[in-house]
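J.: Chains as they are written, first to last, in this note's numbering: chain P, 4 to 439; chain H, 4 to 439.
Just so you know, these hints were derived from the structure itself, not from any lab.
One or more hints might be untrue.
As the list makes no split between identical chains, a pair holds if one copy fits it or if it spans any two.
Taking lysine-lysine pairs in the DSS-like style, the calculated list, with each CA pair at most 25 Å apart, reads [said to hold, decoys possible]: (1) Lys343 / Lys5; (2) Lys5 / Lys90; (3) Lys343 / Lys125; (4) Lys26 / Lys343; (5) Lys5 / Lys125; (6) Lys184 / Lys26.
Spelled out, the chains give:
There are 2 protein chains.
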Amino acid sequence: MKPINIGLMGVGTVGGGVATVLKRNAEEISRRAGRDIRLTIASRRNVEQARELVGADVTVVADAFAVVNHPDVDIVVELIGGDTVAKELVLQAIANGKHVVTANKKLLAVHGNEIFARAQEKGVMVAFEAAVAGGIPIIKALREGLSANRIEWLAGIINGTSNFILSEMREKGADFADVLKEAQALGYAEADPTFDVEGHDAGHKLTIMAAIAFGIPMHFDQCYLEGISQLAGKDIQYAEELGYRVKLLGLTRRTEQGVELRVHPTLIPEQQLIANVNGVMNAVLVRGDAIGQALFNGPGAGALPTASAVVADIVDVARLLTSDPEHRVPHLAFQPDQLKDLPILPMGDVVSSYYLRIQAIDRAGVMADITRLLAENGISIEALIQKGSAADGSAEIVILTHRVLEKAANAAIAAIEALDSVAGKVVRLRMEELNG
Amino acid sequence: MKPINIGLMGVGTVGGGVATVLKRNAEEISRRAGRDIRLTIASRRNVEQARELVGADVTVVADAFAVVNHPDVDIVVELIGGDTVAKELVLQAIANGKHVVTANKKLLAVHGNEIFARAQEKGVMVAFEAAVAGGIPIIKALREGLSANRIEWLAGIINGTSNFILSEMREKGADFADVLKEAQALGYAEADPTFDVEGHDAGHKLTIMAAIAFGIPMHFDQCYLEGISQLAGKDIQYAEELGYRVKLLGLTRRTEQGVELRVHPTLIPEQQLIANVNGVMNAVLVRGDAIGQALFNGPGAGALPTASAVVADIVDVARLLTSDPEHRVPHLAFQPDQLKDLPILPMGDVVSSYYLRIQAIDRAGVMADITRLLAENGISIEALIQKGSAADGSAEIVILTHRVLEKAANAAIAAIEALDSVAGKVVRLRMEELNG
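Just chain P, with the same shape it has in the complex:
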């Protein structure tokens, strides 16, 4: 069968990994795909560095547009990242009738609706397994492996940097700032870590998974993002004493009222397998009405794991290159005319249980005041512990609540903070049993 020509835009760590995998496993891949897959042309501003990564038999150019406009290229792989020039290139590739494989979560979460519509018009495929959870084939699992299910919710540890930091904070009892420095030294965190630790990256990935799981368009602009930079080491420790681990979770759930779409630090029971996914590993727990729960775990980043997903997409696309669109899996799992928008719930309408840490003056009546305010807002208490009195007469009260509307939790917290006997802000973390 005719070999497939790949044009690669962006030859950095992952691009080098793609070149390595295509070369190293060429025989194995062509035995599977039934055709040879050749990296033909690659682009990077620094042509010399790109050449070192892709080898002498690949044409290297500085201008990525030379890749998308190259007549021999069947599949364009976009590994540039971001949503400016990458967007222009992907749209140009589509306009040229080329299929696209991308690892660009931001591009899809923010501009996916437009990109998939254009791809649909031109009858080309845009594949993006590598955009979510690195090497873990979670897009394929959601889109094809679980296609019999009405997916109810999914929860993912989908940012390796944050998971590394949280794992270290727990293990060493260290604070965020110290562990961040360690992560930066190890190359697990960027110099400016905002994108990872404030939940943006997880939000992009969650947005993509929600679209596929529920058959809705991308709604990144409505995704709630709360990161881990404000997390105190002591809350991780208290959570652990109560039998919970704290993870930065991306969580999306279909309810009668709409779709929850939220990223935030979350207490998870330590018996849950996903609570024990540590370090830079990723994991996604999916709940479907037929399968029940399934967990997918593996490396969420890195040159070769990400290349594993990129090349799997290339093989998939290569197989269907000359096929009727009806033989293809729809981009967003559901047929394009069958996407149905659902409202994304504002956080006030989300239902969760909560971990609250309250700094109170240790005197008679304060506990009564707090529990009364919770009760007045319809919040039942699952556990309450007092963490001893400080020399200044203050005490820490930690409360785990049952499930309640977030707006009720907010109201109770505001009322508690207004008490004379309470100092400063109440620390509030969300908690999910993940057993529904």
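Given the structure of chain P, go ahead and fit chain H onto it with the hints provided.
T.: Only chain H this time, still in chain P's reference frame:
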């Protein structure tokens, strides 16, 4: 698009689940598949019971051949099990040019080479996600999601009955026979549990995964099977004291010499996520050269989880019904003319580390004798503990070894058993760190 007609053979628990899922999620499934999928005809000897399970709008017949020969049926679902009449029916369906979806691991592990060859000749698909690990989309992951990888090994907890029994033995410190009774009462084990607890079922599933992972034919007849019925509660307990859990593992590994294909109780470090997969859950840990390790976890049996896999296969097949074979994923992941047989290693040539429990007379020199015999066979000791002396002057010695050829371990064990100071047989369990 034209609706797809399904003919279902075998309406038991799983068949009822398939009917339920197809009906309950009809809208969601057709939004994904782009066509309606209708259960048209079903067969079971007891027509009345089948009718109750599939509903009034499905034609029910007693004779399964009426399903495979029905002119309107596009896809035949085989849920009869076993490899006698089921084989005849599947081959007849293929001869009739019908696509097949089956959950029948035994049929494929034993007769898969013949069945896939016939399917290839007739240009029809035989899909079998439900044959391995129930609802977990592991066949799809191995065949498509990890297609960029040279798969090095995989290890699976792929028999829920055995995993339930082992989990209970550990948790309650109970013996095999007692827990088996409990499992039978709960419906987790058959009246005759041999198929599950002696490793046959796991061997079938492992054989199928090995074929897909390495591009080799089915070799069930060469799969080593050792079950859990001889396992003593105390070995589970000692293993735990040493930081290990005992799981019935199906393990296949590609080595320079050939392929390891083996099912046996195995010590796994408790830090491994897969060591913490308990109860009837299944899990498969895959090691590929690009992805590193990925774990897939979920329910390995049950009506709806298995139906989840059956219906996902139906959707896949429905999409490609009218396609060129070149657009399809090959049955065994590799193109049929690209399967390359590799020798299956006899157990003597397998490399493993070992847990040994030796009943010895507690006197000077016995430890020296044992360690000398291990050394003479090239076996280094990782840990050695003596479990105290009994009233009769005997002592239990538990040894963990480093990795060594099994034939060397066998020779050492035989020599140790021949010592005057050693009573009875040495208990030998294999041990895998799963970190390679």
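J.: So, for every hint listed, does it hold in this structure?
T.: Results for each hint:
{"no.": "1", "hint": "Lys343 / Lys5", "in the structure": "between (39 Å within a copy, 22 Å between copies)"}
{"no.": "2", "hint": "Lys5 / Lys90", "in the structure": "neither (29 Å within a copy, 37 Å between copies)"}
{"no.": "3", "hint": "Lys343 / Lys125", "in the structure": "within (22 Å within a copy, 39 Å between copies)"}
{"no.": "4", "hint": "Lys26 / Lys343", "in the structure": "between (42 Å within a copy, 20 Å between copies)"}
{"no.": "5", "hint": "Lys5 / Lys125", "in the structure": "both (22 Å within a copy, 24 Å between copies)"}
{"no.": "6", "hint": "Lys184 / Lys26", "in the structure": "neither (36 Å within a copy, 54 Å between copies)"}
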